[in-house]
Every structure is written in structure tokens, then in C-alpha cells.
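Produce the entire structure from the sequences given, and follow the hints as far as they go.
If you're matching them up, the sequences are chains A and B in order.
Using the numbering used here, you'd call the opening residue of the first sequence number 1 and step up by one each time.
Using the numbering used here, you'd call the opening residue of the second sequence number 1 and step up by one each time.
None of these hints come from the bench; they were simulated from the model.
Among the clues, some could well be false.
For each label pair, taking beta carbons as the anchor points, the in silico distance ranges come out as [claimed, not checked]:
#1 ASP318(B) <-> ALA66(A): 26 to 36 Å
#2 LYS72(A) <-> ASP436(B): 37 to 47 Å
#3 ALA233(A) <-> HIS221(B): 57 to 67 Å
#4 LEU50(A) <-> ALA311(B): 50 to 60 Å
#5 GLY64(A) <-> GLU299(B): 31 to 41 Å
#6 GLN445(B) <-> ALA66(A): 45 to 55 Å
#7 ALA66(A) <-> SER389(B): 49 to 59 Å
#8 TYR35(A) <-> ASP393(B): 54 to 64 Å
#9 PRO359(B) <-> ALA58(A): 20 to 30 Å
#10 PRO208(B) <-> TRP221(A): 33 to 43 Å
#11 TRP221(A) <-> SER123(B): 24 to 34 Å
#12 TRP221(A) <-> GLY246(B): 49 to 59 Å
#13 LYS72(A) <-> ASP393(B): 55 to 65 Å
#14 PRO208(B) <-> LYS72(A): 42 to 52 Å
A few chain A residues that face chain B, going by a derived Cβ cut-off under 10 Å, partial list only [said to hold, decoys possible]:
#15 ILE9
#16 LYS11
#17 ASN116
#18 GLN136
Backbone N, C-alpha and C fix where the C-beta goes; we use that ideal spot for every residue, glycine too.
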Amino acid sequence: MTAIHSTHIAKPATVSTVMLKVLAALLPGIALSVYCNGIGILLQLLLASLTALGAEAAMLRLRGVAVLPALKDLSAIVTAWLLALSLPPLGGWWMIVVATLFAIIVAKQLYGGLGNNPFNPAMAGFALMVVSFPAQMAQWGSPQLPLDAVAQWQWIFLHTLPAGGVPDAISSATPLDVLKTGLRQGQALAGLLPSSSAQGLIALGWLAGGLWLWQQKLIPWQTPLAMLAGLLALALPLWLWQPAQYASPLLHLLQGGTLLAAAFIVTDPVSGSSTPKGRLIFGFGVGLLTYVIRVFGNFPDGIAFAVLLMNMTVPLLDQYTRPAVFGHRRERS
Amino acid sequence: MMPLFDFPGGIHPPEHKAHSSAVPIRLAPLPPQLHVALRQSMGNAARPCVAVGDRVAKGQLIASADGRLSAAVHAPTSGVISAIAPQPFAHPSGLPELAITLDSDGEERWIDRQPLHDWPQRSGAEIRDFLAQMGIVGLGGAVFPSHLKLGVSPLETLVINGAECEPYISCDDRLMRERADAICDGIAVTRHALQARQVLIGIEDNKPQAIAAMQAAAAAHGFSVVAVPTKYPSGGAKQLIRILTGKAIPHGVRSTEHGVQCFNVATVYAIGRAVLHGEPLISRIVTLTGAVDAAANVEALIGTPLDRLLALAQPHRDRKEVVMGGPLMGFTLPDLAAGLTKAGNCLLVKSPALFPPRPPAQACIRCGDCASACPVSLQPMDLFWFAKSKNFDKAQQWQLFDCIECGACSYVCPSQIPLVDYYRFAKSEIWAAERDKNAANLARQRHEFRQMRLQRDKAEKAQRLADKAAQAAARQTASHSAAANVATNVAPGADPKQAAIAAAMARAAAQREAAPLPEQHSNGLNDAKQAAIAAAMARAAARKTAADEAKAASGQPPAPPPASSGLDDAKQASIEAAMARAAPRKAAADEAKAASGQPPAPPPSSSGLDDAKQAAIEAAMARAAARKAAADQARANQQPDS
Ligand code: SF4
Ligand code: SF4
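Pasting the structure below:
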């Protein structure tokens, strides 16, 4: 026993249970994704998880930190799953492995492990891939891909298809990308809209998971709502102004993992702001930047860069948005 | 229905009050021997005014208050004083404290009790002085002397704290249920002393019987009983004031500046017993709960050995340590042989089954749960970070001292970080540094003053010598001329012998005139006295050097507490001597601790922390706990919870 005083009771919550619930909240979206796109995504999740655990264990050992307790917090698996769900579902196996290695080793462990990483590891991994392998990252499986499980796995591992495959469908670009290039080439918006029902359906899965996390008091409402508000703050007026030129706000909400990010990525506590006001600003900033990069930038999707940029502002945000301490009128900083 | 306000944060831990709250208060049996610690309040320990072998009556003063923040101590029963010596003490530091050991004679023979029957005619100041003699202190845990809280009147609102928000504790609940009338009598006295316009009694709504009983008793007096939502820590003085009045009183500001004063129900009950019945504070109600078969509330004499009290509740076989106070703010008792103190509201028995040990701390994930739980809107994760990295300036900038150590943040932290321990560690480090700084300043001032004094003495001496020389010269001249005058004044032809006599007389007169009178010394002291003073100073300096050396050798912070700056030298010297004496004691205690192989710190974190650093911090935290005893002095200027 210890002679110092300490609180003698504690809420049963642990980091592991928190992370476990986050993983559980991802399940509806994953299930819908499998339903729409086939089970290739499961292989990606598996690859990412194994890579993450291996990399984390190796790094912990190198850093001289006890391996098992840190592995058990499950944060590496969360990062791995978020990456796997952000990358193209039919990308080659090496893509998810490289992205996960970078996320865990560089973005997380080199900064000192869980709690010390200034950047969202999953988004750092994603950004690395977009910058390094733009062509591969732009290839998204077509929603109506007529591939069975075996064919998907064969494609992911060997980059070949059983006889009579349809590489074209596999290498189709993401809807947002199609939209952007199409608009640049002067095509009409109406003809470009990809059939997005599958994406929309999956997005609802993320939404359900996010709502459950919020109900469980595991994520705050500020960050996700502020992010969506930031996105709509640009998408809505521009679309109202020139509907032929700018995609509808609904498309922005349902495409490109917007809701996945709102529920699971901008809510990452470690790399986000921890004050209520800071969370509003952080989320809003991510939303705005996402739209700007999506529509005016060169990358197919802007969420990762938006998140990383806002990550950089967190120390300042946290300092200047500290709530006023009880009884003190002004906050001092 | 009056409007209620909310305070930020707060938590809802499982209450566990039913174990003990169902059982009526019963009297603890009279123990054969009591250890009444002299430190029964904030501030200095009381000074014993009895000697070993004295026979005392129940309620007789056995130690008088030493200084403003101290409180008088009375004999809890009649008997014989058998020792005045250091005894185990109910404090997290584990350091023994001076205590008066009283062998009870079983007669319970009272002193001649002298109530203040005419209190409605007495002034606030008179009641204040009366309570000071009665040793009344805040019984909610802070043991702040109650008379000091009666200073300001008239007052807008008197808040009576019956919230009792910590899990497991039910002593106030039972007191309100069973002795509501006596509580209200005490409130009436307190209200009169403060000239308070209204009285609000706040009780958490998980105590319906207490609320009903108090409502029935308060109606006749015109006090309002208010049921407040159950939320920890609504029983913090400032939190309850916020709930009932909407006033948010920041740290460092006394609630009286906002026209509010807050007393615990048990404290006003004690005030009532003192004023209406002439009974000093010699007993209190203690909740015995946790891993016990017979949870109970007992009325026990101050000084009753805690293990005897505990036995009444039949602790489980697998019991481990015992906590004094509640599970959130209480501390683990270092030694159950200690006597009950006025602060002891609850003995909570821990067992591995009921209180599973906390898993090892993990890294902070900045989830912000602690910030949402903090009742004073601090950013506990930032404070934790600053405390861990010993960035104390930053911690103070982040208002570390607004932290009321409620433990809400530690309770919710999913990484299981013992956050409050870090804050206590940081606070005591800052206090220690402050004491060092003050001591250094004091030493510098003294040195400069001494230099100045030496210079002045030298100058004065030179002046005196010069004066003497001048006077001697003047004397010579004067006597010669006087003699000459006399001689010339003598009539020619007069007796030469007569002339000689006259001349001698004149010389004597001149000498008398010229002789330096004692009053003419610049500082008005005669030489002998001055020499004595110089000698005393030299002795004092030598003593001080010796004391400093002793301190330096023992590694004790070479400093008196800041409060001592206004004390006279003698007191200062005695404090220093006491500190020097305490140092070896502390070293011994540390050694004992080390020898017994106790991990002096929270469970080692296996997360991404540098282990060596962690170990260093933990060691420092253990030291901090020991040093806290000294720091209590510094805390005394805080307005405590009632
Ligand atoms: S509750 Fe614990 S893990 Fe969460 S921010 Fe506070 S200290 Fe960090
Ligand atoms: S212990 Fe201090 S920091 Fe933690 S919740 Fe209580 S007041 Fe806030």
C-alpha cells in the first residue's frame, strides 16, 4: 500500500474498453461496406491489424517500454482499421502495409507513443500514400464490381484476376475525383454524378456508429458537428450560387468518408483539441479545409490534409480556449 | 421552490451509503486509554497546559490554542494524564505527533459546565471568543477553527452544509435524522453571531429522511431546507454556495466577501452543544463502513484509538488498509493505533474484493474526461503534464491552486492516472520552494540589518570617543577659567585659604556641568546594557549558524514557514530548533519506510513513460506526502471547506 492519499475508487472505464467500443462502433459501417463492395475490405482490415500490432510491438520493445500493456490498449488496432477503411478497398496489399507502418512507427511511436503524437496517425499514413502513390490511391473499386471473394483477394495480393476479369472497373476513380476532373473538363455535373447509393449507405453505417459513441459519452458532439458545419458552410452557398458548377452538399456529406471522419477521425482525442471551444474550432477548421482541398486542391480528398493541418493548431487552440476557472471571470493565459 | 444553480463538472459514483445510514447512532464504549493529538486543527498544534500525573475532569482544557489558526483541546473524559509524547497520528505523512495520553477512570466526571445561556444578548465577538475556548473546528474534514469564520457580520446568507456528497459516509445523514432540533439550535446561535439575513440548509436529495427531519425542525426557526441534486462534490463549500446562491467564489476569495458563510451540520451541532450546554468539542460522529459486517455510525470521544473503533464494525477477514474520510478525498491511515481526531468523519475499510486495486496507469490520451468532471473547470490533463514534467510555473499559471483535490478527475480517468496525487505533489513542491525563497529573503534581510547595525555601532563608538575627547578638553578649559574667576572675584586681602576652597568648589561645579550625562548617549543605552545586547546577538548568530548547519546536513528545507516572518526572534529560533529536531525524525521515518519495502508511490506506470523519471517522480511524491505536514501551515490561509 502507499502512504500518500489517492482516490480509492475509479470508474471502471479503461483505455482498452474505450478503444474496444470505438472498434465496435465501426462494425455497422464495415458490415455495410462488405455488403456493397465485397469482402476485400476484411482482408485489408486483417492486414492492417497484423501490421500495426507487429510494428507497435517492435517499436515498444525498441523504446524499452513494456509491450503487452501498451498493445492491450488496442489503440494500434483502431489506427489500423481507420487506415484500412480510408484506403481503396481493392488497393494492393503493400499499400495498406506501408501506410500502417508509417502511421504506427513514424506518426505514433517516434513521437513517444499513445498520447504524445501530435498528428492523427491514420491520417498521417493516408497522407503519405496520397503524396507518394497518387495513381494507386485514386483507384477505387467500382460499386458494382462483379468480383467474388477469391477474385478480390487474388487481386489484392497478386494484382491479377481470374480469366476474363474487368480491370477497368477495379481501377475506376473515386466519385469525388471523377467529379473534379470532369468539371475541369467542362462536362455537365448531372452526367458525372456517380451512382452513389452504396457510398451513401456505408456513410449511414458510420453515422450510426458515431451516434452510438456519442450516446456512450465517448466522443463529444462539438467536433463532428463543427466539422460538418464547416463543410456545409462552403458547400451550401457555393452550390446555391452555381448548382451546375458545385456539387450538392449532400454529395459532400456522403462521399469520400466524410462521416467516417466526423465520427471517428476528428474525434481522436490525442491529436485533437481537448477544450469544448477548441473542439468547435478544430472541427470547423477541418470541415472548411476539407472542402477547399477537395474542390480547389489537387488531391482527390482533403480530409487527411485538413486534419493534419488542424492538428498543428491544437496546442494553440488548447491554450487560448481554456474555459474560465470556477469563479474567475476572465481566462488567463 | 427557490431556483437552484449548477456547478461545472461533477461525477456520480456509486453511493454505498445504505450500509451505514440505516443504523441509528450509538455511543462507542469508553476506551481505557485515549490519545488526544495536539494537532486538531489547521495551524499550530495546541500547547499542553497539564502535566503527566494530573487528574482531569471531562471537558477540562488540557491544551490551549497556540496562535490564530490553532484550536483548544479538552479532556474527552475524566482520568489521569499518563503521557505527553509523540504518538501515531491520523495523517497521510505517517509522522508521529505530540499527543496527550489520558487513562480514563470510567467516571465520566464533568467539569462545571458553563453554557452561554444569554447568547441572544451577546455580541458576535463574545460568541466567537467563547467558541475559541471550546475548541470548535469544522467537522466536515477541513478542521478550520470555527470562531475564525464568525468574523464578518452582518451577512446575507448562512449556508448550512448537509450535502454529504462522498460515497459511503453517512454520519451527517444520521445526525440530521436524529438530532435535527439540536442542529437547528446551533444554527440559530451561528446565525445570531453572524447576523445572517437568511439561512439555507443544503442536503443532497438522496437523503429524504434527513431532509424531512430537518424541514420539521427548521420550520420553527424560519430556515429553508433545500434538496440539492445528488452530484459529487456538491458538499464542497464553494460548490454548495454556488448551488444555493448562484455565487461562484474563486480560489483565494473568502465567501464572506460575497456575503455568504458556510458551516457543516456537524459543526453547527457542536456550536449548539458548546453554547447551550457548555460542552467543548470532545466527541464526534464517525461512520464505520466499507468491508465490514456491521457498518455503523458511532459517537466516539476524540482520542479513541482507531483500531478500537474499527473493531465495533467487525471488519472482514480480508481487510486491507483503512481510509480516513471518503473514498475520493480520504487518505490511507498509516497507523491504526492513532487516536480519533476532530477531522475523522469516516473510517472506510478496504478489501481487495470491494476495492479492487487500480490497474497500472497508462498514458494520458487527452480524452478530456477529467476536464468535463472538474468542478472548478480546470484542465486536469494539462496540470498532470506540467506536474509530471515539474513545470511548476506553468502549473500555477494553469491555476493549480484552484484545485480543491476532490478527486473527480482521477475517478473518471480511463488511463487510471492518480491525477490528484500529482497535484498534491506539485503543490507541496511549490510550497517548499516558496519557503526556501522566504527563508533566503529573511536571511538576506537579517544579514543586511546586521551589517547596518555594526556600521552604526562603529560610527557611534567613534562619535562617543570624539565627544569624550572634546568634553575632556572643554572641562580643562572650564575648570581653569572658573578657578581664575573665583580667584579674581575674591576680594583683595581675603583669606588665601578661603580663596583656595572657592576655587575648588568652582572646579567641581564646572566638572559636574561638563560631565556627559547618560541621556546624552545617542541611542540612550548605557554601556553595560549595550554590551549585554551585543553578546546576546553574537550568541544568537552562533546559534543560528549551528541550526543552519544542522539543517543543511539533514537536507531539510532550510526554511521556516512563510507565516513565521512576522514572529519574534525567540519564536523563530524555537521553530528552527524544532525543525532541526524534526529532520532526523523524518530521515528515520523515511528509512523505516524504505526498510519495510513499501512502494512509496502509485503503481508504476508501464506506459510510454521513462521509468527512471517515473521513479524519481514517485519518490518525490512520497517525500511530498511527508512534507505535507509542514505545508498545512501554508494551507491555513486558504478558506477551507467547512
Ligand atoms: S481523463 Fe485521464 S486520459 Fe483523459 S485527458 Fe484526463 S488525464 Fe488524460
Ligand atoms: S482534483 Fe482538482 S483538478 Fe481534479 S477534478 Fe477536482 S478540482 Fe479538478
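Structure versus earlier hints, numbers of those that do not hold, lowest first: Hints 5, 7, 11, 12, 13 and 18 are the ones this structure does not satisfy, whereas the remaining hints hold.
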